[in-house]
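Residues 129 to 770 (my numbering) are what the sequence shown spells out, left to right.
Worth flagging that the hints you see were computed from the coordinates, not collected in a lab.
Each statement offered as a hint is correct.
Label pairs and their in silico Cβ distance ranges:
(1) D340 to E540: 54 to 62 Å
(2) L347 to G411: 18 to 26 Å
(3) F756 to I719: 26 to 34 Å
(4) D621 to T571: 29 to 37 Å
(5) S223 to P562: 49 to 57 Å
(6) V687 to D275: 49 to 57 Å
(7) G537 to L347: 55 to 63 Å
(8) R304 to M556: 52 to 60 Å
(9) V258 to V687: 55 to 63 Å
(10) P607 to A530: 19 to 27 Å
(11) S223 to S403: 36 to 44 Å
(12) R770 to S323: 52 to 60 Å
As the structure is a prediction and not an experimental result, all values here were calculated from the model.
Note that beta-carbon positions come from the ideal geometry of N, C-alpha and C, so glycine has one too.
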Amino acid sequence: MGTVPNYLRALLRIGLSGWVLLAMAGCGTDLPTSGQQVWGRNEAELELITIGSPISEIVADPKRPYVYATDFDRSVLYVIGRDSHQIERRLALGSRPSDLALDASGNRLYVALLGAAEVAVVDLDAGEQVDRIPLEFTPAYVVTGPDPSLFVSSTLDLADSFNDDGETRRFDLDRRVFDKVIPPVGLLEADGDRSHFYIATRDRIFQYDLTDLAKVRYLQQRETRGPIVDLHVSRDGQRVYTISAGELVTPEEVITHGLVDSRANVRIDMVEVFSVDGLIKIGELPTGAFPRAVTSDDRFIYVAASDAAGASHTAGFVMVFDVATLKRVTTYRLLGQPTHCIDVDTQAGVLYVAVDNPYDIRERFGDRQDVQVIPLQEFGSVDGDNVEPAPGAGAAARVKSASFPMPGGELEMIWIEPGSFMMGASEMMQEMMPFEGPRHEVTISRGFHLGTYEITQRQWEDVMGTKPWLGLPGVVDHPDHPAVFISWDDSQDLIAAMNDFEGLPLYRMPTEAEWEYACRARTTTSYSYGNNPELLGDYAWYRTNTWDSGKHFAQPVGVLLPNPWGLYDMHGNVWEWVHDWSGRYPEEPQIDPTGPETGRFRSTRSGIFMAGAMGQRSSFRYGGAQDFPDGGVGVRLLRQGR
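Given these sequences and hints, build the entire structure.
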């Protein structure tokens, strides 16, 4: 450590010890949401289908241009147009629809009615209800097997443990009688060809063979890491996905998850992946948050998650994982906290997610949920640790990449749309890091291009004709490494040279607000990917994967995963000079702030390869004298205008 500059040494002491307080701070901050007839903000203009009531299930029709959603409070089935994304029909079902299931032919839809002790049946070709199935018990979940079988979870008394007062029953649709009782009761799913079906309850998955209609043959069971609150079987029948909850979940909450608001007592933190052959666990999906629902198609797994365990005014997002590698590909922002309802329309390339909308001002009590529509982008292959975007696809769906000529080559940049965000750390984090507050609202009124990567040594040499880092300690002379040992003043010389090349004053440093806005990419979590520091090594070069591994220098740019807007190394590698003088933030809302008029130090953002996880957060700030170059500081350029 003898080569480490003094003003950086303190950061080496910032490690995981502070994560107890960070976990307590969480991200339970208000995120204004909006949509049709909703009060709030929707700067990204994300599409919302207005429901305004608890949604118990969403199913995309594989044969018809419709999506079906059940309104638990209003006891209505909504028929939503695939192209219009509008409610085209409403069918009154009866009391408390709790689950939906398409039959194997895709011509009938079965709806469990929790409040009526019935299963409603909808003829999808005729678009109307047909004879209902009367029950002698309260149904929670329903799934279809091979014709003519239907499986229904029986809960006789939700106040008691369903281990004693419930079971799963098979109904013969031709004879209209229940002819089989299966002891476990819980979440129900079947594979695509209805050869197997699954019951998930407490901390176990039960697998049954349905190939012989004369009997339902038990195959095996597998223990999970906690009570299961969501269950999904892949369309090809080869994978089973579960979301397991923490120790506060009771059996009653599992069977009623999604039917009543038990989320306040549910801590959900893991997605487990099982092969159907032997129910062998093959992995977990690292979300760094609280997953609520999971679905998949042939190539990708979609996990809807919240950034807090129980708060209602928190943000949500959908993480996309590659089926083959279980590597995360990208993240989509949600307008609010997701519920347990999610489905993907493979024909339209659209994901439907039920989201809480606590800012809805419609006159009613209880949950206010709407359906968010997410058009899915195209992705290329995912091989090992690297994501290769498909041709024409950026690293994120809502931004555009561009290249601009510069001496010796091109400068790759990302277009950042204007918008508003909360700048700074949470109040609890400010107790540890007072320099990161106060937290305040900032509006970026003009869009801009920001460098996809930090300026590299090759680019600096092509423009400036110098190598200021050459021969200095703690630096590798490599064209793809970030240019370091450049002061704030040196960076201004680079900008002047770039503007001379263009003949216009297009380039400058980002302001501190512009930098944090681009880093967060509309997230409110500690990092742009979530809150979990254990995932930081996928996105950032920091102490664990550099200094502690014997790499006492910055690493090549663009090797790790980008943030949701396609910007690389926004966490870690080297600090980046920004325009502002360092100083305390104002408390009042700001529009395009440029920082204090004067000061002693210029601000730096991002993080540095030798610092711990605390020093890589989106809100983390540091700085230095503007004429002082250092081996841990580089620069990323901003280009004004389209």
